[in-house]
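K.L.:
Each chain, letter by letter, is given below.
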Amino acid sequence: MRKCTKIFFAFFVLLFVNSYVFALSDAFKNNIYNPGQLKPIDSKLNVKVGDRAPDFTLPSLSGKKISLRQFKGEKNVVISFVPAAWTPVCSDQWPGYNLAKVIFDKNDAILLGITVDNLPTLYAWTNQMGHLWFPVLSDFWPHGKVSKMFGVLRSDGVAERSLFIIDKKGIIRYAHVSDINKRPDLKDLAAELEKLNKD
Amino acid sequence: MRKVSIANWVFIFLLLSIGVLFAETPPPKEGGVLPEITLSVPEMQAHQDYLGITKDKKTFHIPEIKAKVVLIEIFSMYCPFCQQDAPVVNELYNKIAQDENLKNNIKMIGIGAGNSSFEVDFFQKTYHVNFPLFPDRDFFIHKMLGGVRTPYFIGVKINKDGTHSVFYSKRGAIENASKFLNLILSKAGL
Numbered sequence: 001m002r003k004c005t006k007i008f009f010a011f012f013v014l015l016f017v018n019s020y021v022f023a024l025s026d027a028f029k030n031n032i033y034n035p036g037q038l039k040p041i042d043s044k045l046n047v048k049v050g051d052r053a054p055d056f057t058l059p060s061l062s063g064k065k066i067s068l069r070q071f072k073g074e075k076n077v078v079i080s081f082v083p084a085a086w087t088p089v090c091s092d093q094w095p096g097y098n099l100a101k102v103i104f105d106k107n108d109a110i111l112l113g114i115t116v117d118n119l120p121t122l123y124a125w126t127n128q129m130g131h132l133w134f135p136v137l138s139d140f141w142p143h144g145k146v147s148k149m150f151g152v153l154r155s156d157g158v159a160e161r162s163l164f165i166i167d168k169k170g171i172i173r174y175a176h177v178s179d180i181n182k183r184p185d186l187k188d189l190a191a192e193l194e195k196l197n198k199d
Numbered sequence: 001m002r003k004v005s006i007a008n009w010v011f012i013f014l015l016l017s018i019g020v021l022f023a024e025t026p027p028p029k030e031g032g033v034l035p036e037i038t039l040s041v042p043e044m045q046a047h048q049d050y051l052g053i054t055k056d057k058k059t060f061h062i063p064e065i066k067a068k069v070v071l072i073e074i075f076s077m078y079c080p081f082c083q084q085d086a087p088v089v090n091e092l093y094n095k096i097a098q099d100e101n102l103k104n105n106i107k108m109i110g111i112g113a114g115n116s117s118f119e120v121d122f123f124q125k126t127y128h129v130n131f132p133l134f135p136d137r138d139f140f141i142h143k144m145l146g147g148v149r150t151p152y153f154i155g156v157k158i159n160k161d162g163t164h165s166v167f168y169s170k171r172g173a174i175e176n177a178s179k180f181l182n183l184i185l186s187k188a189g190l
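Chains as they are written, first to last, in this note's numbering: chain A, 1 to 199; chain B, 1 to 190.
Please note: incorrect hints may appear among the correct ones.
In silico contact screen, one side only, chain A against chain B (beta carbon under 7 Å); selected entries [said to hold, decoys possible]:
id: 1; residue: E74
id: 2; residue: G96
id: 3; residue: L132
id: 4; residue: I171
id: 5; residue: L186
No lab work stands behind these hints: they were computed from the structure. Nothing here was measured: the structure is a model prediction, and the numbers come from that model. Heads up, the beta-carbon is just placed ideally off N, CA and C, and yes, glycines get one too.
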């Protein structure tokens, strides 16, 4: 076996055992499906910072339809796309945003949580998180239409783990697609929201 | 196709063994010892004083904490049960802190699995947690402790000779501070 092959193999093994880690809350018991290590990013953004955000209307868990345009002139909007209900990292992301409401309030922002799951699935899943203060929207049908508009629909039909900040004028101020296997640091989102107040 | 030598097969086996070892580390067992966890000395003087750890060095190990018993909570800012249980954990801390016989003998720390410094600080400020919390952004400690679901509590008894033993290791929220404290006192023999 050539030396470089050995090094590659060692790197692969160590990468595998070290990269896919998550801490799962006991709130979800044994109900989480582990898809294993996934390709970090599997789509290409259709929008960029400075663009006008594409408008959309989606059904929410409250039973009401929510449109992006309804927040124009009223609230900054953070959109959190997460890949899928009942998966490890996603299940530990929104409960943190639930706790961090003060960060959103301080920056006059609303959070919209979006997945490509249908409403019954989202209902059962988010019930395990406690009472969420932000709307949870279903991009189930037409499947992933809004995710595709933003360029965060992966080839397997789930959304990327991604965050967008849209200001009160409807302009995208932050667009970030994370490695699907890792949760983004709240610090980065908080810092980007703070920037809205400096302009 | 080239033949792979015995030496190379041994090399592959060792690598995979290392992988399995790290991937399947079990949680600490009662009667056993902690893995060698290295923590950064807290920046706050009050936390240094609480743990009895001086700023002379940058890091320390849990058995160096000046106490007979150390309670470790593995938590996450992102864990709904940890959030719900935070007031009960604070109640436990207060019960210990207000008891003259216990306050110097039992110390508590929290380790934020997958949490950055910012996230741990946010949790600490939100729930007014008075004991030291440590970030574990890359899950390094969490993996050493078996990748447990959160919250998870570990009780460690520290002996006079510097050795230690785990006397409690269990997943789940405390739910009742008084009952939990009595259980810990009983299991630790305090």
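K.L.:
Now, for every hint given, state plainly whether the structure supports it.
P.N.:
Verification of the supplied hints:
1. This hint is violated: E74/A has a C-beta 26 Å from the nearest C-beta of chain B, more than the 7 Å allowed.
2. The interface hint given for G96/A is met, as the beta carbon of that residue sits about 4 Å from the closest beta carbon of chain B, less than 7 Å.
3. Because the closest C-beta pair between L132/A and chain B is about 10 Å apart, greater than 7 Å, the hint is violated.
4. Below 7 Å, beta-carbon pairs count as interface contacts, and I171/A has none with chain B, the closest being about 26 Å; its hint is therefore violated.
5. Evaluation of the L186/A hint against chain B yields a held restraint, the C-beta minimum of about 5 Å falling below 7 Å.
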